[in-house]
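Line order of the protein sequences matches chains A and B. Using this note's numbering, the first residue of the first sequence is number 1, and each one after it goes up by one. Using this note's numbering, the first residue of the second sequence is number 1, and each one after it goes up by one.
Hint data in this document are derived by calculation from the structure and do not stem from the laboratory. The C-beta atom is built at its ideal place from N, Cα and C for all residues, glycine as well. Hints may be right or wrong, so weigh each one.
[As the list claims (entries may be wrong)] Going by beta-carbon spacing under 8 angstroms, a handful of chain A positions derived as facing chain B:
(1) 6
(2) 13
(3) 16
(4) 20
(5) 113
(6) 119
(7) 120
(8) 138
(9) 140
(10) 214
(11) 257
(12) 263
(13) 265
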Amino acid sequence: MSDFSYLVQFFFSGLTSGSIYALIAVSLVIVYRASQLICFSQGEFYVFGALIMASLLMKGIPLLAAFLLSLLSSVIMAGFIQYIVIRRLLKKPIGMLIVMTIAISLALRGFALLIWGRESYVVRPFFQVAPLSFVGATLPSQVFLIMGVTALVLLCLWLFFEKTLIGLAMRACAENPDAASLMGINVHRMSLFAWMWGGAIGAISGMVVAPLLFTQYTSGIMPMVKGFIAMSIGGLTGISGAALGGFLLGLTEAFTVGLVSSRFSDAIVFTILIIVLIFKPSGLFARSQ
Amino acid sequence: MLLRLLDTKIPKKTKKIPYSSLTYCENKKKKKGGTIMKRLVCLCSLTAFLVLCILVAPSFSQKTAKGPYVIGGIFPLTGYLSWLGEYKKKGSELKAELINEAGGVDGTPLKLVVYDDQSSPEQAAKIAQRLISKDGAVFLIGTASVPISGAVASIANKEKVPAIIGSGYEVDPKKDKYVFNTAHKTDFAIARPFEYFKKSGMTKVALLMPIGSLGELGSRLARKYAPSYGITIVGEEKFDIKAPDVTAQLAKLKTLNPSAIFSFCTGEPAALVARNMAQLGMKIPLLVSHGNANPGFLRLVKDIDVPILVPSGRATLPNELPDSDPCKKVIIEFSKRHEQKYGEPANYYSAEMVDAVAIIAEVIKRTGSREGEKLVKGIENLKNFVGMQGVYKFSEDDHHGTALEDMMVLTIKDGKWRLLHR
Numbered sequence: 001m002s003d004f005s006y007l008v009q010f011f012f013s014g015l016t017s018g019s020i021y022a023l024i025a026v027s028l029v030i031v032y033r034a035s036q037l038i039c040f041s042q043g044e045f046y047v048f049g050a051l052i053m054a055s056l057l058m059k060g061i062p063l064l065a066a067f068l069l070s071l072l073s074s075v076i077m078a079g080f081i082q083y084i085v086i087r088r089l090l091k092k093p094i095g096m097l098i099v100m101t102i103a104i105s106l107a108l109r110g111f112a113l114l115i116w117g118r119e120s121y122v123v124r125p126f127f128q129v130a131p132l133s134f135v136g137a138t139l140p141s142q143v144f145l146i147m148g149v150t151a152l153v154l155l156c157l158w159l160f161f162e163k164t165l166i167g168l169a170m171r172a173c174a175e176n177p178d179a180a181s182l183m184g185i186n187v188h189r190m191s192l193f194a195w196m197w198g199g200a201i202g203a204i205s206g207m208v209v210a211p212l213l214f215t216q217y218t219s220g221i222m223p224m225v226k227g228f229i230a231m232s233i234g235g236l237t238g239i240s241g242a243a244l245g246g247f248l249l250g251l252t253e254a255f256t257v258g259l260v261s262s263r264f265s266d267a268i269v270f271t272i273l274i275i276v277l278i279f280k281p282s283g284l285f286a287r288s289q
Numbered sequence: 001m002l003l004r005l006l007d008t009k010i011p012k013k014t015k016k017i018p019y020s021s022l023t024y025c026e027n028k029k030k031k032k033g034g035t036i037m038k039r040l041v042c043l044c045s046l047t048a049f050l051v052l053c054i055l056v057a058p059s060f061s062q063k064t065a066k067g068p069y070v071i072g073g074i075f076p077l078t079g080y081l082s083w084l085g086e087y088k089k090k091g092s093e094l095k096a097e098l099i100n101e102a103g104g105v106d107g108t109p110l111k112l113v114v115y116d117d118q119s120s121p122e123q124a125a126k127i128a129q130r131l132i133s134k135d136g137a138v139f140l141i142g143t144a145s146v147p148i149s150g151a152v153a154s155i156a157n158k159e160k161v162p163a164i165i166g167s168g169y170e171v172d173p174k175k176d177k178y179v180f181n182t183a184h185k186t187d188f189a190i191a192r193p194f195e196y197f198k199k200s201g202m203t204k205v206a207l208l209m210p211i212g213s214l215g216e217l218g219s220r221l222a223r224k225y226a227p228s229y230g231i232t233i234v235g236e237e238k239f240d241i242k243a244p245d246v247t248a249q250l251a252k253l254k255t256l257n258p259s260a261i262f263s264f265c266t267g268e269p270a271a272l273v274a275r276n277m278a279q280l281g282m283k284i285p286l287l288v289s290h291g292n293a294n295p296g297f298l299r300l301v302k303d304i305d306v307p308i309l310v311p312s313g314r315a316t317l318p319n320e321l322p323d324s325d326p327c328k329k330v331i332i333e334f335s336k337r338h339e340q341k342y343g344e345p346a347n348y349y350s351a352e353m354v355d356a357v358a359i360i361a362e363v364i365k366r367t368g369s370r371e372g373e374k375l376v377k378g379i380e381n382l383k384n385f386v387g388m389q390g391v392y393k394f395s396e397d398d399h400h401g402t403a404l405e406d407m408m409v410l411t412i413k414d415g416k417w418r419l420l421h422r
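Bound-form chain A, shown alone (with noise of 0.2 angstroms):
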């Protein structure tokens, strides 16, 4: 391997780090666009679409039919969850409703430990596509698997959020829950609806991360961590700013891992957070307002 060949590894291997960060990242953003609030159980939607879709797998479910069932599981359990538990605490301080995704977090991470066990589960990639070799260096083809399902998410959300109806009312909910409501707009159906999307795209990029990862009931913490620094560098609001962050961060890690030393790659991270929190708190790519 030539010294460009090692460059395009740290590259790529940024580039699978940061496309799982991305699309957690987006999950965040989604939720919190629609709720103004930071779920941190979307780890656990993670964890449930990849061992939902496994244990499917497992059984001798198609590939495509174990995906969807999964995402439907998932997206009922974030409809019951809200229907159940958040809805009843919509018109409480914002505190509370943070400490109650935390709640619903621990619970959810029970469950699946009831469930599924203590052990890690593998998924076979989705393709048996031979990883792509450029000059040296590989990259799996999940990765591009990861990337186009990211791509297809941002596009899907721009026009749900841009162009219906339902995407506007939800936005008005976040800026304005009391003015949406005078306009007719029923909040708590809103709020529903943007459970529901985050759970979906919790599990979906669960399930298209399992073939990289392995998968068991604490899984979800280190996406929902390394997602959320994401979304932090990357803008609360914007959905492709946490995309970018997600990438920034997965190729910060690389980089320097591969020219610097893997002992600082966390303190580099987070050093590039606090300057970010410091000099540009709404986020590197959100839109000035």
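Following the hints, position chain B against chain A.
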């Protein structure tokens, strides 16, 4: 109505007291006050005494009475180490059950009280304290990682209650008088595969260590043993065990042309290193920690095309042992019962705790004591005790008891363990 009834009972007129008798009454009141004060002091002392008795009672009664011998189990049943905690719990519970079925220790049963340490040293320390002071444990067993073992060891030493742990924690008998370890010394888990590397002519080893105490230990010991086996450490990289990709580190190490990669980690991170090596087309052997000799790890790496080397005790592959091996019979008999009860054979983790319970039963039988000091002496005097992990020879200077020969190197072929070096 009730008030009226009550009213009728209260006399409306009180008896008049003559003025001359007031002084007498005041004196009487003073006297009465003094008596009340005395009674109050007595009552307080009695209450304090009773409270003290209640506080002291559990440990006092349970440690001296003829009740069952309580063994406190501290296992990571939730958190990042939970996948191995279950093996340890199952192994120790079954062993205690088998001993009790056979009549206990001289007629007294063993009682295993298990708590979850949540993979956290702080929680493990709290549990250890509770097991000793509330449950009256005469022995502690369990733990899974170096920091958790350190936390339990400090409580065991402070409370003078012996603990038999099973982890990479290196027990220094001078510092940890009350601590024993049934896991093979980490030194063996590195020296034994290095012996294989030397035999196979693999002299350049690159290190890819997880950030944290385990990685530091692996790195230190690799550098300590490399010269003795003619091995050169060509480079070292670190990684976060929660990272989703380590190809950047591996690509850097690949430039150094190593003959093998050594990554001292367990479970998912070890499987991730193997998967990323396969992705980069690195077909050189990957040596991982001895904690990976379990069916869970086998499932994680079954489709990965990289030669993986796992140091292990004898429990993983008992059928490969010669009939002359004293441990073979012990392992096969226990593994049969384990399979009957749990549907899978015993493994490295269950073996650690099975041996811990067996040692406890043997030492209590020999000493007939529940006192920490005597039990420690009892273990130190235990020689040639045949367990699943090897033939234990404890001493005042060796609280591990096992030897380099008790460890072997395994690899994986067709989804099954295969013996590589013994």
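The hints, checked one at a time:
| no. | hint | result |
| --- | --- | --- |
| 1 | 6 | 6 angstroms, holds |
| 2 | 13 | 4 angstroms, holds |
| 3 | 16 | 5 angstroms, holds |
| 4 | 20 | 5 angstroms, holds |
| 5 | 113 | 7 angstroms, holds |
| 6 | 119 | 5 angstroms, holds |
| 7 | 120 | 5 angstroms, holds |
| 8 | 138 | 6 angstroms, holds |
| 9 | 140 | 6 angstroms, holds |
| 10 | 214 | 5 angstroms, holds |
| 11 | 257 | 4 angstroms, holds |
| 12 | 263 | 5 angstroms, holds |
| 13 | 265 | 7 angstroms, holds |
When the structure is compared with the earlier hints, no violation turns up for any of them.
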